[in-house]
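Visitor: Residues per chain, in single letters:
There are 2 protein chains.
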Amino acid sequence: MTGTVRIPHGTLQAFAAELFGRAGLRPHDAAVIGHDLVAAELRGLASHGVSRIPMYLERLRRGVVNPRPAISVTKMTPAVSLVDGDDGMGFLVAHEAMKEAIALAGAIGIGLVGVRRSTHFGMSALYVQQAIDAGYLSLVFTNSSPAIPVWGGRTAFLGAAPMAAGVPGGRAPGFLLDMAMTGIARGKIRLAARHGAPIEPGLALDKSGAPTTDAAAAFEGVCLPFGGHKGAALAMLMDLLCGVFTGASFGGAVGSLYFDHGAPQNLGHLMIVARRDLFVPADEFERRMDTFVERAKACPRAQPFDEIQMPGEPEDRKATALRAEGVPVSAEVLSDLDGEADRLGVARLHRG
Amino acid sequence: MTGTVRIPHGTLQAFAAELFGRAGLRPHDAAVIGHDLVAAELRGLASHGVSRIPMYLERLRRGVVNPRPAISVTKMTPAVSLVDGDDGMGFLVAHEAMKEAIALAGAIGIGLVGVRRSTHFGMSALYVQQAIDAGYLSLVFTNSSPAIPVWGGRTAFLGAAPMAAGVPGGRAPGFLLDMAMTGIARGKIRLAARHGAPIEPGLALDKSGAPTTDAAAAFEGVCLPFGGHKGAALAMLMDLLCGVFTGASFGGAVGSLYFDHGAPQNLGHLMIVARRDLFVPADEFERRMDTFVERAKACPRAQPFDEIQMPGEPEDRKATALRAEGVPVSAEVLSDLDGEADRLGVARLHRG
Chain F
1 MTGTVRIPHG TLQAFAAELF GRAGLRPHDA AVIGHDLVAA ELRGLASHGV SRIPMYLERL
61 RRGVVNPRPA ISVTKMTPAV SLVDGDDGMG FLVAHEAMKE AIALAGAIGI GLVGVRRSTH
121 FGMSALYVQQ AIDAGYLSLV FTNSSPAIPV WGGRTAFLGA APMAAGVPGG RAPGFLLDMA
181 MTGIARGKIR LAARHGAPIE PGLALDKSGA PTTDAAAAFE GVCLPFGGHK GAALAMLMDL
241 LCGVFTGASF GGAVGSLYFD HGAPQNLGHL MIVARRDLFV PADEFERRMD TFVERAKACP
301 RAQPFDEIQM PGEPEDRKAT ALRAEGVPVS AEVLSDLDGE ADRLGVARLH RG
Chain R
1 MTGTVRIPHG TLQAFAAELF GRAGLRPHDA AVIGHDLVAA ELRGLASHGV SRIPMYLERL
61 RRGVVNPRPA ISVTKMTPAV SLVDGDDGMG FLVAHEAMKE AIALAGAIGI GLVGVRRSTH
121 FGMSALYVQQ AIDAGYLSLV FTNSSPAIPV WGGRTAFLGA APMAAGVPGG RAPGFLLDMA
181 MTGIARGKIR LAARHGAPIE PGLALDKSGA PTTDAAAAFE GVCLPFGGHK GAALAMLMDL
241 LCGVFTGASF GGAVGSLYFD HGAPQNLGHL MIVARRDLFV PADEFERRMD TFVERAKACP
301 RAQPFDEIQM PGEPEDRKAT ALRAEGVPVS AEVLSDLDGE ADRLGVARLH RG
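Which chain is which? The protein sequence lines are F and R, in order. Note that the numbering used here numbers the first sequence so that position 63 is 63, with each residue one more than the last. Note that the numbering used here numbers the second sequence so that position 143 is 143, with each residue one more than the last.
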């Protein structure tokens, strides 16, 4: 990548935190967001990393995101809570929701937390990892602004709507799935458009409903779901569970991060968390997970694979590598970040 | 379809129930299975209908399925129960598990039920519909005998593993998703093989790991997941949640329905059920669902669609039609059913 520089992840994290601190967030909250954005970079998910900082700051400036939300948690039953995000940064709202879901599951075995009045929460893997770190299984759902059509439609209606899930491991790594409902993440189309790169065929339609490989046209058009009608149905499920069910916006009404700065998003999330020792003791659960991973990795391989990895394992390895090598940041993104640094009176990132 | 006859659904249902009754099931249980198999036929899912009767009866005869199980329900917490299916027919075990999940959710908002020592439970839509009929949201997961490879593998390891979910509607129909993790259901490959019909390319590998369109070779080989690595990861999640987590068989150890008559399957299921009025009142939930459906159906259409339907709606319409027209049953399946009728001393199906 021409013009790409490597930034130590700690440096990038502190820089991002400082920007959000100057934008009015509490220092602890700003540090969480710095950590989370760089965590996405480390997992190789640059589409959900620091390239989004200017957009998040713009939304804070316009007042459609609340820098100091009073996030409220209301217990509806001993196993169910409702979180009202008060239009705060989705990262903060979702971490609070996951914390509550873990607490409920710890007390009664399972926790269901519905979230409304939230905003874009970055990479879903953040909250799945939060549950895994605490030793819990989780399902993490969110809705999002319209990006893909319903099955049979040609305009954006459902969100790209990541669906995520995690199962903690034993000695071997567990399972961490974080997948967009699109064949390609919308953020990756945006990055391709920035770099003038094309996208593969079959992933998107342009505004008129025609197939396109032009990333800019695709970003203004519509992504297609992965797996045809099955992906489309899963994306619909995300909006029903996170929007209709929770009381958040739904059915095409979630505002765009990029095109709609007029009002808060009222995004919804749904988290379901379970204790791993509900049906077998914890040590047996760990042994069973290890056995599963061992068997999976021993399967005869298809071409051209030279190894079988668990979902989440390639990203973990990427993170280990990037912690050593530094996080690659493109010249375009650096230039945007310089602009934000100048505007907020923060020292520009040192190019090393 | 040459040699296909139409049988009134009530006739078919009573016939199936009689067979299972003669095979040693309690009359009520036999009636449930008759109903459920014909419900699959009515939804157009012949692969999960009466064509499976000879296989189910064979497993009962061989003693790997218990005709009169003592299904036990153990409350682990006020929100979580464990169901032990005692190797009974999966239909009976899963209905009992869903009944318990609904009871838990009714009392405390959400119910999680893990199931082990179950067997093949037919079409997942049965249990989602049970929840919808009671006015509840549900996720219904199961594992199954090895049918698809892990991502990067070339042998069957994970189940075709249907994933299903439901959301009750308001005045308009709600949402009912029941999808196999394969690009094509294993049962559909089996039916194609019976009829000597080919399958589409890209759906399966033969035993050697080579792509095939020969249904018989595919049935002995491996189905590919839908949506590439995303479908493969979802299939793995089904086995982790339904096998590793619940204490059932997992990781390739679930016995095949067709090739392994040596031992009970020890299949696992997981059901998560929630009350619809947890975050908004029930009438508001219904209005929101109706609004969603209205908006989805009003989306501009892609070619060649002349209508946008909710997941589950085509199957509902099919059922309405087949209730009027009768259920199509092929000559091959009829002949198999005649054989079972003769063996058990039940009157053959009248051809009308």
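FYI, nobody ran anything at the bench for these hints, they're computed from the structure. Fair warning: this is a prediction, and the values are worked out from it, not measured in the lab. Mixed in with the good hints there might be a few duds.
It does not matter which identical chain is used: a pair holds within one copy or between any two.
[To be verified] With a straight-line cut-off of 30 Å between C-alpha atoms, the simulated DSBU-like cross-links for lysine-lysine are:
{"no.": "1", "residue 1": "Lys75", "residue 2": "Lys297"}
{"no.": "2", "residue 1": "Lys297", "residue 2": "Lys99"}
{"no.": "3", "residue 1": "Lys207", "residue 2": "Lys99"}
{"no.": "4", "residue 1": "Lys207", "residue 2": "Lys318"}
{"no.": "5", "residue 1": "Lys318", "residue 2": "Lys75"}
{"no.": "6", "residue 1": "Lys75", "residue 2": "Lys188"}
{"no.": "7", "residue 1": "Lys75", "residue 2": "Lys207"}
{"no.": "8", "residue 1": "Lys75", "residue 2": "Lys99"}
{"no.": "9", "residue 1": "Lys318", "residue 2": "Lys297"}
{"no.": "10", "residue 1": "Lys207", "residue 2": "Lys297"}
Visitor: Would you mind marking each hint as holding or not holding in the structure?
Guide: Now the hints, each set against the structure:
{"no.": "1", "hint": "Lys75 x Lys297", "in the structure": "neither (42 Å within a copy, 35 Å between copies)"}
{"no.": "2", "hint": "Lys297 x Lys99", "in the structure": "neither (32 Å within a copy, 37 Å between copies)"}
{"no.": "3", "hint": "Lys207 x Lys99", "in the structure": "neither (40 Å within a copy, 47 Å between copies)"}
{"no.": "4", "hint": "Lys207 x Lys318", "in the structure": "neither (35 Å within a copy, 34 Å between copies)"}
{"no.": "5", "hint": "Lys318 x Lys75", "in the structure": "neither (39 Å within a copy, 42 Å between copies)"}
{"no.": "6", "hint": "Lys75 x Lys188", "in the structure": "neither (38 Å within a copy, 46 Å between copies)"}
{"no.": "7", "hint": "Lys75 x Lys207", "in the structure": "neither (43 Å within a copy, 53 Å between copies)"}
{"no.": "8", "hint": "Lys75 x Lys99", "in the structure": "both (13 Å within a copy, 25 Å between copies)"}
{"no.": "9", "hint": "Lys318 x Lys297", "in the structure": "within (19 Å within a copy, 42 Å between copies)"}
{"no.": "10", "hint": "Lys207 x Lys297", "in the structure": "between (43 Å within a copy, 19 Å between copies)"}
In this structure, the earlier hints numbered 1, 2, 3, 4, 5, 6, 7 are contradicted, and the remaining ones agree with it.
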